[in-house]
Amino acid sequence: MSQDPVITFRDVSFSYDGPSVLRDVNASINERDFVCVIGPNGGGKTTLIKLVIGLVKPQKGSVEVLGTSPDQARRRIGYMPQQVQFDPQFPVSVLDVVLMGRLGQGRVAGPYRRRDKTVALKALKEAGLADLQNRSLSSLSGGQRQRVLIARALACEPELLLLDEPTASLDPAVQDDLYALLRELNERLTVVIVSHDVGFVSAFFRSVLCVNHTAHMHPTNELDEQKVADMYGREVRLLHHDPVEHSGDGS
Amino acid sequence: MSEFLDALIANPFLQYALLAGAMAGVACGVVGSYVVARRITYIAGGVAHCTLGGMGAARYFNVVHGWTFLHPLHGAAVAAVIAALIIGVVSLRAKQREDTVISALWAIGMAVGILFIAKTPGYYEDLMSYLFGNILLVSRQDLYLIAGLDVLVVGLGLLFYNKFLAVCFDEEFARLRGISVEFYYLLLLCLTALTVVVLVTVVGLIMVIALLTLPVAIAGHFANRLWHVMVAASLISIALTTGGLAVSYGPELPPGATTIALAGALYLLVVVGSRIRVLIRS
Chain U
23 MSQDPVITFR DVSFSYDGPS VLRDVNASIN ERDFVCVIGP NGGGKTTLIK LVIGLVKPQK
83 GSVEVLGTSP DQARRRIGYM PQQVQFDPQF PVSVLDVVLM GRLGQGRVAG PYRRRDKTVA
143 LKALKEAGLA DLQNRSLSSL SGGQRQRVLI ARALACEPEL LLLDEPTASL DPAVQDDLYA
203 LLRELNERLT VVIVSHDVGF VSAFFRSVLC VNHTAHMHPT NELDEQKVAD MYGREVRLLH
263 HDPVEHSGDG S
Chain G
35 MSEFLDALIA NPFLQYALLA GAMAGVACGV VGSYVVARRI TYIAGGVAHC TLGGMGAARY
95 FNVVHGWTFL HPLHGAAVAA VIAALIIGVV SLRAKQREDT VISALWAIGM AVGILFIAKT
155 PGYYEDLMSY LFGNILLVSR QDLYLIAGLD VLVVGLGLLF YNKFLAVCFD EEFARLRGIS
215 VEFYYLLLLC LTALTVVVLV TVVGLIMVIA LLTLPVAIAG HFANRLWHVM VAASLISIAL
275 TTGGLAVSYG PELPPGATTI ALAGALYLLV VVGSRIRVLI RS
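Going down the list, the sequences are from chains U and G.
Position in the first sequence (first residue = 1) + 22 = the numbering used here.
Position in the second sequence (first residue = 1) + 34 = the numbering used here.
Hints are not guaranteed to be accurate.
Output of the computed footprint for chain U on chain G, the stretches with three or more beta carbons under 8 Å from beta carbons of chain U [said to hold, decoys possible]:
#, region
1, 183-196
2, 209-218
3, 249-259
Quick caveat, the hints were computed from the structure, so don't treat them as lab data.
Ideal placement from N, C-alpha and C gives every residue a C-beta, glycine not left out.
Here chain U stands alone, though its shape is the one from the complex:
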């Protein structure tokens, strides 16, 4: 595993016309790391991700992504937003959605090229959806839809995968499947996930980025209850996720 940082925050501060969401953030994420971003709601997790893809700009400091600016790096990032609000009636097939990952890679107008289709089909296969390509998106389950969005991010042929709460509305078994898929992808990609599902952290990830207006990076084996409690500013318990069968979603 190489140790070059793919994402570097230097003294980053950001606010949306009000109190600052992030203050003096200094953190870096190394290549092929598998990072979970955790922290309380409103602590700036999603804002941090938006800074990485350049959807918002820091008022102070700088963000470097894949050795360049977020705007330049954007097309090399596979991004999956938090809770995409689909119109359930939107007439679109699974393959249509995944092909959107190929946009901005060449032709201005007209149909997709053959290579775009090949890449999209490969992404679908990787996400375990090969046999669903012609189904309409509205006919899929929640877990399958999340996989479609991951496949769409993979179709961008990214070097970095950013997922904002990919498991928010999924049941635990489906969440495990999804994390297993992401761990496979981590063999060749840097993967960063936003989650408030602390119970999963130690089981699946290499590192944890704790975000609450400021940010601190920890290897997962260093994370203990005191650190999490400090960050959340209140008493919390870590739930360890053992490989035994159990009920409840552990959040």
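Keeping the supplied structure of chain U fixed, place chain G upon it in accordance with the hints.
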């Protein structure tokens, strides 16, 4: 029905009407699918009513000042595109004020139109045909104009299909892929505006919305990809405008209103039919 067929062969005005309806149907199917998918029917409604201002002004300068080169459809097209751009820019810049602006343009466009028409001889007939359509009065010259708009709208709509689909489906993702979401949104609004102009001739500006949305809504029950919806909605629209003409011809009903009534009836039938199918299955 055979009476209509005989009349169709004998009368060029019916042939023109049929052609105008068919061309409008294709624009309806393609652009209407985007409009329904992106949920901008209210914008289309505002744009449609603004065309009255343009048509009224064009007719006024044509009749009163002798600007014979000016056709009401020219005025409609200019007014529609200006209205679409104003609404588009406002909705991109200040999202929360969008509906206020649409409502304001909606009414102002009508007011301007009525003022011009009131000062133009032949007031009543003009107003009625703008509001409710005059497909039986379509001339050869109108037909060329409609054909030109149709080619432009359908051509651009299909050429940028992938981009429009992405922008309608997930704007943020499209932006991240380096697509100028603003440009394609404004382009889509302009195409909607020009489609509205084509439709105004067929069913009049008040009923434009019905023809833009109902065939797509009907097609949506049977198709699950956007381009399938487009093809189906185009065919349904053509069938409806043709059916409207045929049904209205014998009893001398207004063809625009007949077309819309047919569309409404078919939509109702499909909605009730699919409800019943769901009930039987469960």
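Subject >> Coverage claim, chain U over the region 209-218 of chain G, checked by counting residues with Cβ within 8 Å (three needed) >> reply: holds (count 5)
Original post:
Okay, the region 249-259 of chain G and chain U, do three or more residues pass the C-beta test at under 8 Å?
Top reply: It holds, with 4 qualifying residues against the three required.
**OP:** Tell me if chain U covers the region 183-196 of chain G under the three-residue, 8 Å CB rule, please?
**Re:** As far as the region 183-196 of chain G goes, the hint holds, because 4 residues have Cβ atoms under 8 Å from chain U.
Going down the numbered hints, you'll see the structure goes against none, and every one checks out.
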